[in-house]
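Undergrad: Those protein sequences? They're chains A and B, same order as listed. Position one of the first sequence corresponds to residue 1 (this note's numbering), numbered consecutively onward. Position one of the second sequence corresponds to residue 1 (this note's numbering), numbered consecutively onward.
A portion of the hints provided could be inaccurate.
To give a feel for the contact side, a few chain A residues facing chain B, derived at Cβ under 10 angstroms [as the list claims (entries may be wrong)]:
no. : residue
1   : Ala22
2   : Gly25
3   : Leu39
4   : Gln48
5   : Leu75
6   : Leu79
7   : Arg106
8   : Arg167
It is worth saying that the hints were derived from the structure and are not from the lab. For every residue, glycine included, the Cβ atom is placed at its ideal position computed from N, Cα and C.
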Amino acid sequence: MSEEHPHADDPPTWLTAELTAADDGSPSFAAACRATADLTLDVLRLRQAGAGAGAELRPVADHLQTLAAASGVRLDSVLRWAGLEAADPTGRDFAAGWGRLAWALRIDPAQALRHLRLTVAGVLGGEHVPVVVRFRAAAADAAAVATRWDDAFSGAAAQWAADARARLAAAEGAFHDGYRVAEAPEEGCP
Amino acid sequence: MVFSIDDLPARMLDLDEEAVRAFAQEFGGRLRRLFCSLGLGVADAEALAVSCVTDIALRVDRFAPQGPGSFERWVLKLARVALVDEYRKHDPAEQLPDWSVVERAEVSWGKPDSRRTVAVREAVARLPDLDRDIVRLRHLEQGLSFAEIGAVLNLSEGAARTRHHRALAELERLLSGHPALVRRAVARDPLTE
Numbered sequence: 001m002s003e004e005h006p007h008a009d010d011p012p013t014w015l016t017a018e019l020t021a022a023d024d025g026s027p028s029f030a031a032a033c034r035a036t037a038d039l040t041l042d043v044l045r046l047r048q049a050g051a052g053a054g055a056e057l058r059p060v061a062d063h064l065q066t067l068a069a070a071s072g073v074r075l076d077s078v079l080r081w082a083g084l085e086a087a088d089p090t091g092r093d094f095a096a097g098w099g100r101l102a103w104a105l106r107i108d109p110a111q112a113l114r115h116l117r118l119t120v121a122g123v124l125g126g127e128h129v130p131v132v133v134r135f136r137a138a139a140a141d142a143a144a145v146a147t148r149w150d151d152a153f154s155g156a157a158a159q160w161a162a163d164a165r166a167r168l169a170a171a172e173g174a175f176h177d178g179y180r181v182a183e184a185p186e187e188g189c190p
Numbered sequence: 001m002v003f004s005i006d007d008l009p010a011r012m013l014d015l016d017e018e019a020v021r022a023f024a025q026e027f028g029g030r031l032r033r034l035f036c037s038l039g040l041g042v043a044d045a046e047a048l049a050v051s052c053v054t055d056i057a058l059r060v061d062r063f064a065p066q067g068p069g070s071f072e073r074w075v076l077k078l079a080r081v082a083l084v085d086e087y088r089k090h091d092p093a094e095q096l097p098d099w100s101v102v103e104r105a106e107v108s109w110g111k112p113d114s115r116r117t118v119a120v121r122e123a124v125a126r127l128p129d130l131d132r133d134i135v136r137l138r139h140l141e142q143g144l145s146f147a148e149i150g151a152v153l154n155l156s157e158g159a160a161r162t163r164h165h166r167a168l169a170e171l172e173r174l175l176s177g178h179p180a181l182v183r184r185a186v187a188r189d190p191l192t193e
């Protein structure tokens, strides 16, 4: 049949351009636009909740649950958007997704990295997890306490098995990549 | 509620639900048209438009207003980045669309031209229902193959192909030289030639 009508599958470019320009999009596209508005609102609400929270150190999942409870947001669509829903929390995909989400939530990268380190430590660190994870710093001391925590974490992680240390390093690298890519789209401009 | 586009960023940052939804609706449609006009298939254009809406809305706190129209230009700049990334992801060697055509459109990018839209919609409306469905399934929604269209509409693959051919010929006859499309045809050349 296509031999009888050699151009039947290949309409003029101008015609398909006019058809798509005059069309408002499929019903599924309209639904996707509504869903993305909902997702945006959820992330903005979580961001607002985080801005009012103290510098508390928790694993990623606990931190997100805290923000969700404070903002009334259901996390499902946010986790799906960030790619965290089914990812191994010690893996690179999770770390990259957390980098993307942490930027969207305007979490300082150093603080977001601490959340990730606690997540990985909870799975791979065994008994070598800094005891200071449970504290909550007063705002005035936050920077100094965070620095002490970073030192304590580095000391503890140095005692992990080599494989666990390698996975932590890979996760940290993926986190930084995810955060950087989310932060600076202008780099993609030709 | 009707929003001025230049008011959207501040309202979105205030977590104004209507503003966020208005942004998604307005720019979702405009980005879709933009990406389609630059050569993406409908499904790819829609997916990229939705992704852009989220990513751009989440960085609206980075927008620095610089007078009327600056928000639309800022959105367009980020859309270009997203489009370039999309091309690089699929095939880094693929030639990028001619963006200068878009830049000449300034803040009107992606907006439907009402006269053209009416002309095209009237032409499509004159097709028999079945042919209209075929055109929609093939070009406007899912990019289905003729076998798939036949299955959806209870036709043979050959019948779907033939009706599609006739429908396009009829649309071409109705729209070629239509006064509402002539001005556009001149502006279209750099992309299609």
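Undergrad: For every hint, state whether the structure bears it out.
TA: Results of checking the hints against the structure:
Taking 10 angstroms as the C-beta contact cut-off toward chain B, the hint placing Ala22 (chain A) at the interface holds, the least distance being around 4 angstroms. Among the interface hints, the one on Gly25 (chain A) holds; its C-beta lies about 6 angstroms from the nearest C-beta in chain B, closer than the 10 angstroms criterion. Here the hint on Leu39 (chain A) is kept, as its CB sits about 6 angstroms from the closest CB of chain B, short of 10 angstroms. Hint status for Gln48 (chain A) relative to chain B: holds, with the closest Cβ pair at about 7 angstroms, below 10 angstroms.
With 10 angstroms as the threshold, the beta carbon of Leu75 (chain A) stays out of range of chain B, its nearest partner Cβ sitting at about 16 angstroms, so the hint is violated. Here the hint on Leu79 (chain A) is broken, as its CB sits about 14 angstroms from the closest CB of chain B, past 10 angstroms. Contact between Arg106 (chain A) and chain B, as hinted, is supported at the beta carbon level, the nearest pair being about 8 angstroms apart and thus within 10 angstroms. Proximity of Arg167 (chain A) to chain B is violated relative to the hint, the smallest CB-CB distance being about 27 angstroms (cut-off 10 angstroms).
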